[in-house]
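Student: What follows is each chain in one-letter form.
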Amino acid sequence: MFNCQINVRVQAEDFAVESTYQQLLQQSPDCGALCFFVGKVRQFQPDDSGQSQQQTSALLLEHYPGMTEGVLQQLAEQAAKRWPLQHIHLIHRTGLLGPNEQIVLVAVSSPHRADSFAATEFLMDQLKSQAPFWKKQQNQQQSQWLESKDSDLAAARRWYKPEQLPLLLKQKATDARP
Amino acid sequence: MLKVVFFASLREELATRELELSLNGPLTVAELKQQLALTSPVWLRQLGQRQILQAVNQQLVGLDHALQQGDEVAFFPMVTGG
Chain X
0 MFNCQINVRV QAEDFAVEST YQQLLQQSPD CGALCFFVGK VRQFQPDDSG
50 QSQQQTSALL LEHYPGMTEG VLQQLAEQAA KRWPLQHIHL IHRTGLLGPN
100 EQIVLVAVSS PHRADSFAAT EFLMDQLKSQ APFWKKQQNQ QQSQWLESKD
150 SDLAAARRWY KPEQLPLLLK QKATDARP
Chain S
0 MLKVVFFASL REELATRELE LSLNGPLTVA ELKQQLALTS PVWLRQLGQR
50 QILQAVNQQL VGLDHALQQG DEVAFFPMVT GG
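Order-wise, the sequence lines are chains X and S. So for the first sequence, numbering that gives the first Met the number 0 puts the first residue at 0; every next one is plus one. So for the second sequence, numbering that gives the first Met the number 0 puts the first residue at 0; every next one is plus one.
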């Protein structure tokens with residue numbers, strides 16, 4: 000088993016996938032697999048009815064400084080316990096992001112591809128439901144906070160046995176706000 | 000003293016980013032939430048009728064968590080990052 004190197008960053012600036020890629024390529028000589036996932040801002044968002052598409056002029060990402068980094072670090076440590084990984088890089092941006100801008104990078108190296116694929120998916124599933132980030136969608140007419148989705152919570156829950164479910168994943172996504 | 004912070008839609012609806020309160024005797028997160036909800040109808044609606052999460056010293060906790068002097072308590076909506 001490797002002593003996994005974890006690198007977590009929360010930043011306003013954009014990130015260059017290529018520089019993280021070169022780093023992982025050079026630093027993972029014993030790994031046969033490098034897996035990268037980038038999440039970005041969609042140009043169009045479906046409206047609440049799911050019928051029409053609305054142009055997004057920007058996405059505002061708020062977070063809880065300090066707790067965010069702590070949660071991302073804990074999630075990376077969980078991934079490193081579950082799979083033999085050599086490196087985990089997590090970068091998440093905050094602040095105002097325009098259409099098509101990058102939001103999040105998960106990059107992982109491991110000896111074999113199955114572990115990198117699984118760890119990358121695990122990290123994205125958990126990050127979406129457990130890290131304290133909130134998105135506010137803005138278009139020409141209005142701005143609104145996005146609601147969490149039951150499908151995202153279900154994706155995060157499937158990695159845990161029921162008795163080991165983290166506190167946050169026991170909630171319902173649906174907000175009971177009148 | 001307790002520091003209480005709010006995030007995202009909750010911060011906007013309450014028009015409050017941060018509060019300092021004195022802690023006099025034993026208090027759980029649930030009791031703090033009930034006290035804050037008495038502030039106004041808006042606070043009652045936001046803290047009493049919405050699904051919100053709570054963290055103490057940046058760790059997610061349940062409502063029965065007992066507060067200590069100097070704690071930082073955070074209330075926020077369900078998260079939507081990634």
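Read the hints as simulated data drawn from the structure, not as lab findings. Heads up, some of the hints might be wrong.
Unchecked claim - Straight line, CA to CA, 20 Å or less: simulated EDC-like cross-link-like pairs of lysine to aspartate or glutamate: (1) X:Lys-80 to X:Asp-29; (2) X:Lys-39 to X:Asp-151; (3) X:Lys-171 to S:Asp-63; (4) X:Lys-135 to S:Glu-12; (5) S:Lys-2 to S:Glu-12; (6) S:Lys-2 to S:Asp-63; (7) X:Lys-169 to S:Asp-63; (8) X:Lys-135 to X:Glu-100; (9) X:Lys-80 to X:Glu-100; (10) X:Lys-80 to X:Glu-120; (11) X:Lys-135 to S:Asp-63.
Treat the numbers as computed from the prediction; the structure is a model and nothing was measured.
Student: Each of the hints needs a verdict: does it hold here or not?
Tutor: Consistency of the hints with the structure:
Restraint check for Lys-80 of chain X and Asp-29 of chain X: satisfied, since their Cα atoms lie roughly 18 Å apart, inside the 20 Å limit. The straight-line distance between the Cα atoms of Lys-39 of chain X and Asp-151 of chain X is roughly 16 Å, inside the 20 Å bound, and the hint therefore holds. Between the alpha carbons of Lys-171 of chain X and Asp-63 of chain S the distance comes to roughly 19 Å, so the proposed pair stays at or under 20 Å and holds. Between the alpha carbons of Lys-135 of chain X and Glu-12 of chain S the distance comes to roughly 14 Å, so the proposed pair stays at or under 20 Å and holds.
Distance restraint check for Lys-2 of chain S and Glu-12 of chain S: the Cα-Cα separation of roughly 19 Å lies within the 20 Å cut-off, and the hinted pair is therefore satisfied. At roughly 18 Å between alpha-carbon atoms, Lys-2 of chain S and Asp-63 of chain S fall within 20 Å of each other, so this suggested pair holds. With a C-alpha separation of about 16 Å, the suggested pairing of Lys-169 of chain X with Asp-63 of chain S holds against the 20 Å cut-off. Distance check on the hinted pair: Lys-135 of chain X and Glu-100 of chain X sit about 15 Å apart at the alpha-carbon level, within 20 Å; holds.
Taking the CA atoms of Lys-80 of chain X and Glu-100 of chain X, the gap is about 32 Å. The hint is violated against a cut of 20 Å. Between Lys-80 of chain X and Glu-120 of chain X the alpha-carbon distance is near 15 Å, which keeps this suggested pair within the 20 Å criterion. Distance hint between Lys-135 of chain X and Asp-63 of chain S is unfulfilled; the C-alpha atoms sit about 31 Å from each other, more than 20 Å.
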